[in-house]
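**Student:** Take each chain as given, in its own frame, and dock them per the hints.
Chain order of the listed sequences is A and B.
This note's numbering applies: residue 1 is where the first sequence begins, and numbers increase by one.
This note's numbering applies: residue 1 is where the second sequence begins, and numbers increase by one.
No lab work stands behind these hints: they were computed from the structure.
Just so you know, even glycine gets a beta-carbon here, dropped at the ideal spot from N, CA and C.
Hints may contain errors.
[Claimed, not checked] Looking from chain B toward chain A, a few residues come up when the C-beta cut is under 8 Å (computed): (1) Lys80; (2) Ile104; (3) Lys108.
[As the list claims (entries may be wrong)] Covered stretches of chain A (chain B as the covering partner; in silico rule of three or more C-beta atoms under 8 Å from a C-beta of chain B): (4) 172 to 186; (5) 197 to 211.
Below are the chains, spelled out letter by letter.
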Amino acid sequence: MSNAGASKAKRNAVMALAALCIYGAVQLLALSGTLLSYHLQVLSLACINIMLVVSLNLITGFTGQFSLGHAGFMAIGAYLSAALTVFYQLPFLAALVLSGVAAALVGIIIGLPALRLKGDYLAIATLGFGEIIRVVILNIPAVGGPRGFTGIPRYTSFGLTYLIMIITIVVIRNFIDSSHGRACVSIREDETAAASLGINTTYYKVTAFAIGAGFAGVAGGLFSHYLQYISPAPGQIGFLRSIDILIMVVLGGLGNITGSVFSAIVLTLLPEFLRGFAEYRMVIYSVLLILMMLFRPEGIMGKNELSLEALESLVGRMKNRKGMRSDGTS
Amino acid sequence: MAQASGLRVTDLSVQIGGLKAVSHVNLRLDPGELVGLIGPNGAGKTTVFNALTGFCQPTGGHIFFNDQELTHKPPHVVAKHHLARTFQNIRLFRDLTVLDNLKIAYHKNFKYCICSGIFRTPAYRRQEEMVRKVSLEILALVGLADRADDKASNLSYGEQRKLEIARALVMEPKLLLLDEPAAGMNPAETAELVELIYKIKNDFDLSVFLIEHDMHLVMNVCERLYVLDYGVLIGEGSVQDVRNNRKVIEAYLGEDGAWQS
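If we strip away everything but chain B, and leave its shape as in the complex, we get (with noise of 0.2 Å):
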């Protein structure tokens, strides 16, 4: 079923009482690609996200990461498999540092029991040591180098979306998703981001998925694109089809009876 590797979804159903948010959904990753999928409000968007990451329970179909089946794994066991993911409403650790919010980031990477943490060990000290380094480079590549010692919820709002980004990067990820990256910036702060997605895109060799509202960015951005309606996967391909896809049209602006008179 899934013999290369980058993310392999077939026929993906998500069910949550009687609406069926998500049907037979197929999709495809490759390493390294950059992908967008967008769709109106309530398509199913994040939903496809919660079922890929473990946060809901698809009620049909297959995910393989990398040759490894994710499906109807918890989060903590899908976030092992170096997917890591940012969340529509920020999600941070407000009451922590910026760096303590990274070093979360890398527990699974942790090897210490919890009796050489309380008894500090070299093993301790030496893998405290290289959280901190690693947290730092990961700020100082986001621009957020200064901010440390900042608590999380003193930060701007485009601050703690980068934030946000930077502590899914710690996890070292192979694929990142992103919930609407830009939702609630201003144009200069969207600017910024798509730098950063190429940045990271190249400097940690990974593909990235995400869900965009912002068209201005997911055309510019994206190498290919889904576009998800009423949970079914009304069009697929580059941006360009996508852009001339009849349905996609439709979906967005309504039948074209009713947008044309």
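Just chain A, with the same shape it has in the complex (with noise of 0.2 Å):
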């Protein structure tokens, strides 16, 4: 056991230093002009996308509680911290708090009566509860109605998206890594089974949508304060981002933190890429998901979280297959 701690230690150690070598390499090329703002707010909307599709992980993929509705709580995020910083002048950091609180509140209150649904019927009621959201901001005068809510000043940078983005997905790795996780996990695999054995099956749901709510307001309010604008059009806020949220949580792996960090990447920096192709863009996006759905269902990183073991087996069999290719050359 002491050596299982020992090999999670030194796990954690590389998964920090890994952490700290990516954000020293991108503030590096940002300061040698090789990464331009353009670039740094392709790679904080990345840092932001994985926010929310770790946050919806929790809920869809380890907890099983099948969700369309998370880009509602990344709209309370988002009007919330910016309402606040716009007419109250409150510090940037305490109104990404405050808002991560309220999307978490509104989780409780929205999953408390959702969450005795099951399956499509779930995903039915949180697809018109995140509606809801929306059109209720629509016709809030005060942050700009249909046209949108604009003058937010820029607070966000790459830096603090970051080491939100960081906290997020150890807060909810470790979640998922204890009792209270474990318990979620269980609803998915079996609710009968988890209640036979003294797990309060709607209050874990409730938690574990409440806990995936809050990230996602806090990614709102980290949103907002990027673009400096935001509207109540479906792609932003509205049901067409959360079912790209939920696409990109498919394409890592239900229950898979690395598949979403990866998948989230992937899918932030690809229509980036393909913008060279134009109007084709969005067909060659579509038709790679369905490639990637029919031959890997499973998703990207399927069951296999990024591990030190992992990596070291991959790189023992690399070398073995090398050692094997030079002892048949000579």
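**Tutor:** Written out as structure tokens, the structure reads:
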């Protein structure tokens, strides 16, 4: 057991180091002028998408509750934090925390009735709740109504987004790896059995829903303070956005955090790379999605989380293969 | 109504739609007893188990366990009173490892809050260490110690049945409800199961209430039997009593004229 603990500590250290290196590399490239502000914007959006995907994965992938309203929680965070910084001159971090808490509370309020439903019915109900949030925002003149909320100060930087993204991943990962997280996973696996083992299934479904909603709210706050503008268009905070996030979750693998991170990055960058193809862009994007689902329905990473052991064994296998090849030629 | 410890069920009725699945059933199980519940298909045996564990709501009667009223309590509350069960159609967490299946059953004993799970406090580490130890001990007891890191769905049928029992044992039950534990097992596996039931009954100081169709197993293992037919208790008592009970014979073999001629 001490062995397992040591390897865990080692893995955490390596992960932290890798996270730092990536951050350092991006900052260096930005300073040297290789990365333009456009690149940094895309990278920040990737970080925000990672937060949205990982938080939805907690609800849909780990707890097994199909949600189509995730953009609604993001919308709450985006608008509330913007309103707090614009109208009340609140510090940005305080506004972010408050918008996360608010989104989590709304998650609880929506989750309590909605999570009694299962499967398709839950999906429809969450879709409805997401749209209700959007329509409510659409009808508040103070935040711009259908024209959108303009004049939001640009408080979000790549560094801050990156840091909060790391915090999101660590918190959700640690939650999953605790007794409470296992309770959530057991609900996905077999709700009846979970209840028979003394797990209050409603409580844990709502908890997972609230945590996921909270992080989506924070992501929304980062989003609106990055673009300095947010509008109640379906593609930005409506069901189209929810479906985008869900696609990323499914593509990365349900219940796989590494996969979520990976697919969020790929699917954020892909449309940018495909810009050269102009109007064929979305066609290629859709075809890639279909091919992906045909050939790898369990997601990019499937059930495998990124781990040191997996990397080590992969490196070992490659070494072996090289060794064999050189033996053959000699 | 309930003075002694153990399970006391009085006048239990369960109505599902227009069907009286269970009507006016009285049961008692004293601590340390091994009692069987038998009856033809569709007699309402599983419904009795479901009512005891809160999976279906009784329409009448009372359930007491160790002087605590459990009538109308939801399943997760019933589980906190040290009542554990297995299911007729195995319900494992198939995509998780054998060890994680057991860890989940330990859930109600965890004391740390969500935050200490997220921040990895010493309380978290201590309790995770403990649950690992407890789980591995129980796996060793049922003979699955070497499968701890395998996915539950990769176990053989008999091993899955065992794992389900092991998972129930992690809950430190005082009463273990086994719903057809030998279903689908070959004679060798059934013999192993009988050994296991004896072992856990002695090692864990619990009472066992089991539904079973394998008469050989029932007659060998159970100290007492209840016989259910069309939701009504038609016989109870020692194995010998039940064997000679006219109503029981009729329920299983038809009215005497029908099978004697």
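**Student:** Flag every earlier hint the structure violates by its number, smallest first.
**Tutor:** none
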